[in-house]
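Chemist: Sequence:
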Amino acid sequence: MGLDYGDKTIGVAVSLNGRVATGVRTLRRKDAVALRPCLKELKVIIREHEISHVVLGYPKKMDGEESTRCEATLAFKEKLERYVKSVSVTLWDERLSTRAVSRGFEGSRKKYKQHVDEMAAIYILQGYLDYINIHGKESLEKNMDNDFDNDDAGLVLTDENGEERPLLIRSSKEDAGEIYLLAVDTVTDEVIFLRCEAAEDDEEEFEIEQIEEGHANYKRVFEMFKDDYDELI
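With the first letter of the sequence shown counted as 1, position 185 gets the number 167 in this note's numbering; the numbers rise by one all the way through.
Rather than coming from a laboratory, the hints here were simulated on the basis of the structure.
Note that the structure is a prediction, hence the values are computed from the model and not measured.
Take the hints with a grain of salt, since some may be wrong.
[Stated by the list, open to error] Under the rule of at most 27 Å between Cα atoms (straight-line distance), these lysine-lysine pairs were calculated in the DSSO-like manner:
(1) Lys61 - Lys25
(2) Lys208 - Lys155
(3) Lys25 - Lys67
(4) Lys61 - Lys22
(5) Lys67 - Lys155
(6) Lys61 - Lys(-10)
(7) Lys155 - Lys201
(8) Lys12 - Lys25
(9) Lys59 - Lys(-10)
(10) Lys12 - Lys(-10)
(11) Lys22 - Lys(-10)
(12) Lys59 - Lys22
(13) Lys61 - Lys12
(14) Lys12 - Lys67
(15) Lys25 - Lys(-10)
(16) Lys67 - Lys22
[Stated by the list, open to error] Derived DEER-like restraints, expressed as beta-carbon distance ranges:
(17) Lys61 - Gln192: 36 to 44 Å
(18) Ala158 - Gln192: 13 to 21 Å
(19) Arg202 - Lys12: 47 to 55 Å
(20) Pro19 - Ser70: 21 to 29 Å
Quick reminder that beta carbons are idealized off the backbone N, C-alpha and C, glycines included.
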(Lines of atoms letter the chains of each structure in order from A and count residues from 1; the text may use other names and numbers.)
(Lines give C-alpha, C1' and ligand atoms only; values in the text may rest on other atoms or scores of the structure.)
Protein backbone atom coordinates (compact mmCIF):
# COMPACT_ATOMS: atom_id res chain seq x y z
CA MET A 1 0.00 0.00 0.00
CA GLY A 2 1.19 3.51 -0.79
CA LEU A 3 0.13 6.53 1.31
CA ASP A 4 0.41 10.25 0.65
CA TYR A 5 -0.06 11.82 4.09
CA GLY A 6 -1.27 15.41 4.29
CA ASP A 7 -2.70 17.84 6.84
CA LYS A 8 -6.29 17.22 5.74
CA THR A 9 -6.17 14.17 3.47
CA ILE A 10 -4.46 10.80 3.02
CA GLY A 11 -4.13 9.45 -0.52
CA VAL A 12 -4.25 5.65 -0.74
CA ALA A 13 -2.95 3.31 -3.46
CA VAL A 14 -2.32 -0.43 -3.53
CA SER A 15 -0.54 -2.99 -5.67
CA LEU A 16 -1.95 -6.48 -5.99
CA ASN A 17 0.85 -7.91 -8.16
CA GLY A 18 3.89 -6.09 -6.78
CA ARG A 19 4.52 -4.29 -10.07
CA VAL A 20 1.73 -1.80 -10.76
CA ALA A 21 0.22 0.70 -8.32
CA THR A 22 -3.51 1.47 -8.45
CA GLY A 23 -5.42 4.23 -6.70
CA VAL A 24 -7.98 3.30 -4.05
CA ARG A 25 -9.36 6.51 -2.57
CA THR A 26 -8.60 9.67 -0.62
CA LEU A 27 -9.37 9.73 3.10
CA ARG A 28 -10.48 13.16 4.35
CA ARG A 29 -9.86 14.25 7.92
CA LYS A 30 -12.50 16.37 9.63
CA ASP A 31 -10.15 17.03 12.54
CA ALA A 32 -6.47 17.74 11.83
CA VAL A 33 -5.49 16.31 15.23
CA ALA A 34 -7.72 13.24 15.53
CA LEU A 35 -6.32 10.42 13.39
CA ARG A 36 -8.35 7.51 14.77
CA PRO A 37 -11.15 7.66 12.10
CA CYS A 38 -8.60 7.52 9.27
CA LEU A 39 -6.62 4.78 11.00
CA LYS A 40 -9.80 2.72 11.26
CA GLU A 41 -10.48 3.20 7.54
CA LEU A 42 -6.91 2.26 6.68
CA LYS A 43 -7.19 -0.88 8.78
CA VAL A 44 -10.27 -1.92 6.81
CA ILE A 45 -8.48 -1.33 3.48
CA ILE A 46 -5.39 -3.20 4.71
CA ARG A 47 -7.51 -6.23 5.66
CA GLU A 48 -9.57 -6.07 2.47
CA HIS A 49 -6.49 -6.10 0.23
CA GLU A 50 -4.38 -8.31 2.54
CA ILE A 51 -1.65 -5.67 2.81
CA SER A 52 1.58 -6.61 4.59
CA HIS A 53 3.71 -3.57 3.74
CA VAL A 54 2.99 0.17 3.64
CA VAL A 55 5.06 2.72 1.71
CA LEU A 56 4.61 6.16 3.24
CA GLY A 57 5.61 9.29 1.33
CA TYR A 58 8.33 11.24 3.15
CA PRO A 59 8.16 14.97 2.28
CA LYS A 60 11.77 16.03 1.92
CA LYS A 61 12.60 19.35 0.27
CA MET A 62 13.95 19.36 -3.27
CA ASP A 63 17.50 19.84 -1.95
CA GLY A 64 17.17 16.73 0.22
CA GLU A 65 16.75 18.58 3.53
CA GLU A 66 13.98 17.70 6.00
CA SER A 67 10.77 19.69 5.47
CA THR A 68 8.46 21.00 8.19
CA ARG A 69 6.04 18.16 7.39
CA CYS A 70 8.60 15.43 8.08
CA GLU A 71 7.98 15.48 11.84
CA ALA A 72 4.21 15.07 11.38
CA THR A 73 4.80 12.23 8.89
CA LEU A 74 7.06 10.39 11.34
CA ALA A 75 4.43 10.80 14.09
CA PHE A 76 1.78 9.36 11.75
CA LYS A 77 4.08 6.43 10.91
CA GLU A 78 4.42 5.55 14.58
CA LYS A 79 0.66 5.75 15.17
CA LEU A 80 -0.07 3.59 12.12
CA GLU A 81 2.43 0.93 13.22
CA ARG A 82 0.91 0.86 16.72
CA TYR A 83 -2.66 0.72 15.43
CA VAL A 84 -2.08 -1.88 12.68
CA LYS A 85 0.62 -4.18 13.99
CA SER A 86 0.36 -6.58 11.05
CA VAL A 87 2.12 -4.23 8.61
CA SER A 88 5.61 -2.77 8.32
CA VAL A 89 6.03 0.82 7.13
CA THR A 90 8.78 2.14 4.86
CA LEU A 91 9.37 5.85 4.34
CA TRP A 92 9.82 6.78 0.68
CA ASP A 93 11.03 10.05 -0.82
CA GLU A 94 7.98 11.78 -2.26
CA ARG A 95 9.78 14.70 -3.92
CA LEU A 96 7.98 15.67 -7.13
CA SER A 97 5.14 13.15 -6.65
CA THR A 98 2.37 15.78 -6.45
CA ARG A 99 4.10 17.92 -9.07
CA ALA A 100 4.28 14.95 -11.43
CA VAL A 101 0.55 14.40 -10.92
CA SER A 102 -0.29 18.02 -11.68
CA ARG A 103 1.87 17.94 -14.81
CA GLY A 104 0.25 14.81 -16.19
CA PHE A 105 -3.34 15.40 -15.04
CA GLU A 106 -6.02 16.21 -17.59
CA GLY A 107 -9.35 17.52 -16.36
CA SER A 108 -10.96 20.29 -14.36
CA ARG A 109 -9.31 21.97 -11.39
CA LYS A 110 -12.09 20.65 -9.16
CA LYS A 111 -11.53 17.07 -10.29
CA TYR A 112 -7.78 17.51 -9.84
CA LYS A 113 -8.22 18.60 -6.22
CA GLN A 114 -10.47 15.58 -5.58
CA HIS A 115 -7.93 13.06 -6.85
CA VAL A 116 -4.48 14.63 -6.47
CA ASP A 117 -3.70 12.91 -3.15
CA GLU A 118 -4.75 9.50 -4.42
CA MET A 119 -2.67 9.98 -7.56
CA ALA A 120 0.31 11.15 -5.51
CA ALA A 121 0.02 7.91 -3.51
CA ILE A 122 0.16 6.00 -6.81
CA TYR A 123 3.41 7.76 -7.79
CA ILE A 124 4.93 7.11 -4.36
CA LEU A 125 4.09 3.40 -4.44
CA GLN A 126 5.08 3.02 -8.12
CA GLY A 127 8.47 4.60 -7.42
CA TYR A 128 9.06 2.10 -4.63
CA LEU A 129 7.91 -0.86 -6.76
CA ASP A 130 10.09 0.20 -9.69
CA TYR A 131 13.10 0.43 -7.40
CA ILE A 132 12.75 -2.99 -5.78
CA ASN A 133 11.88 -4.66 -9.10
CA ILE A 134 15.04 -3.22 -10.68
CA HIS A 135 17.47 -3.38 -7.77
CA GLY A 136 15.88 -5.93 -5.43
CA LYS A 137 14.79 -5.61 -1.82
CA GLU A 138 18.29 -6.43 -0.59
CA SER A 139 19.64 -3.30 -2.30
CA LEU A 140 16.88 -1.20 -0.77
CA GLU A 141 17.59 -2.50 2.74
CA LYS A 142 21.32 -1.94 2.26
CA ASN A 143 20.82 1.68 1.26
CA MET A 144 18.37 2.56 4.01
CA ASP A 145 19.36 3.46 7.55
CA ASN A 146 16.56 2.32 9.88
CA ASP A 147 13.67 4.57 8.81
CA PHE A 148 14.90 6.51 5.80
CA ASP A 149 18.14 7.19 3.98
CA ASN A 150 17.25 6.67 0.33
CA ASP A 151 17.52 9.37 -2.32
CA ASP A 152 15.78 7.48 -5.13
CA ALA A 153 12.30 8.81 -5.87
CA GLY A 154 9.78 7.92 -8.53
CA LEU A 155 8.78 10.43 -11.19
CA VAL A 156 6.58 9.96 -14.23
CA LEU A 157 6.85 12.47 -17.06
CA THR A 158 4.02 12.78 -19.58
CA ASP A 159 4.81 14.11 -23.05
CA GLU A 160 2.50 16.09 -25.33
CA ASN A 161 1.14 12.83 -26.80
CA GLY A 162 0.16 11.48 -23.39
CA GLU A 163 2.97 8.90 -23.34
CA GLU A 164 4.31 8.26 -19.83
CA ARG A 165 7.99 7.90 -19.02
CA PRO A 166 8.67 6.40 -15.55
CA LEU A 167 11.93 7.58 -14.01
CA LEU A 168 13.95 6.99 -10.86
CA ILE A 169 15.65 10.09 -9.44
CA ARG A 170 19.16 9.10 -8.39
CA SER A 171 20.57 12.48 -7.38
CA SER A 172 19.53 16.13 -7.08
CA LYS A 173 21.54 19.35 -6.89
CA GLU A 174 20.71 23.04 -6.63
CA ASP A 175 22.51 25.68 -8.67
CA ALA A 176 21.63 29.37 -9.07
CA GLY A 177 18.20 28.81 -7.56
CA GLU A 178 17.32 25.95 -9.91
CA ILE A 179 17.03 22.23 -9.15
CA TYR A 180 18.80 19.70 -11.38
CA LEU A 181 18.11 15.97 -11.31
CA LEU A 182 20.00 12.90 -12.43
CA ALA A 183 17.42 10.25 -13.31
CA VAL A 184 17.23 6.79 -14.85
CA ASP A 185 14.53 5.71 -17.30
CA THR A 186 13.13 2.53 -15.72
CA VAL A 187 12.21 1.09 -19.14
CA THR A 188 15.33 1.83 -21.22
CA ASP A 189 17.88 2.31 -18.37
CA GLU A 190 18.90 5.58 -20.06
CA VAL A 191 20.55 8.09 -17.72
CA ILE A 192 19.17 11.60 -18.22
CA PHE A 193 19.51 15.09 -16.76
CA LEU A 194 16.52 17.29 -15.86
CA ARG A 195 16.15 20.93 -14.87
CA CYS A 196 13.27 21.90 -12.56
CA GLU A 197 12.05 25.47 -12.29
CA ALA A 198 9.13 26.78 -10.26
CA ALA A 199 6.18 27.63 -12.51
CA GLU A 200 5.54 31.37 -12.86
CA ASP A 201 1.88 31.09 -11.84
CA ASP A 202 2.36 28.58 -9.00
CA GLU A 203 5.63 28.19 -7.08
CA GLU A 204 4.39 24.85 -5.70
CA GLU A 205 4.57 23.35 -9.22
CA PHE A 206 7.65 22.80 -11.35
CA GLU A 207 8.34 22.99 -15.05
CA ILE A 208 10.68 20.19 -16.07
CA GLU A 209 13.14 20.30 -18.98
CA GLN A 210 15.44 17.53 -20.15
CA ILE A 211 19.05 18.62 -20.64
CA GLU A 212 20.32 16.66 -23.64
CA GLU A 213 23.62 16.72 -25.53
CA GLY A 214 23.73 19.89 -27.58
CA HIS A 215 21.88 21.89 -24.93
CA ALA A 216 23.68 25.11 -23.93
CA ASN A 217 23.96 23.92 -20.31
CA TYR A 218 24.68 20.24 -20.96
CA LYS A 219 28.43 20.38 -20.24
CA ARG A 220 27.93 22.30 -16.98
CA VAL A 221 25.19 19.93 -15.77
CA PHE A 222 27.22 16.87 -16.76
CA GLU A 223 30.19 18.10 -14.71
CA MET A 224 27.82 18.76 -11.80
CA PHE A 225 26.74 15.09 -11.74
CA LYS A 226 29.95 13.50 -13.08
CA ASP A 227 30.70 11.36 -10.00
CA ASP A 228 27.09 10.13 -9.74
CA TYR A 229 26.97 9.51 -13.50
CA ASP A 230 30.19 7.46 -13.46
CA GLU A 231 28.72 5.21 -10.74
CA LEU A 232 25.70 4.42 -12.94
CA ILE A 233 27.55 3.76 -16.20
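Chemist: Run every hint past the structure and note whether it holds.
Modeler: Results of checking the hints against the structure:
| no. | hint | verdict |
| --- | --- | --- |
| 1 | Lys61 - Lys25 | holds, 12 Å |
| 2 | Lys208 - Lys155 | holds, 12 Å |
| 3 | Lys25 - Lys67 | holds, 10 Å |
| 4 | Lys61 - Lys22 | holds, 12 Å |
| 5 | Lys67 - Lys155 | violated, 38 Å |
| 6 | Lys61 - Lys(-10) | holds, 16 Å |
| 7 | Lys155 - Lys201 | holds, 15 Å |
| 8 | Lys12 - Lys25 | holds, 18 Å |
| 9 | Lys59 - Lys(-10) | holds, 16 Å |
| 10 | Lys12 - Lys(-10) | holds, 7 Å |
| 11 | Lys22 - Lys(-10) | holds, 16 Å |
| 12 | Lys59 - Lys22 | holds, 14 Å |
| 13 | Lys61 - Lys12 | holds, 18 Å |
| 14 | Lys12 - Lys67 | holds, 25 Å |
| 15 | Lys25 - Lys(-10) | holds, 18 Å |
| 16 | Lys67 - Lys22 | holds, 13 Å |
| 17 | Lys61 - Gln192: 36 to 44 Å | holds, 40 Å |
| 18 | Ala158 - Gln192: 13 to 21 Å | holds, 18 Å |
| 19 | Arg202 - Lys12: 47 to 55 Å | holds, 50 Å |
| 20 | Pro19 - Ser70: 21 to 29 Å | holds, 23 Å |
Hint violations for this structure: number 5 only, all remaining hints satisfied.
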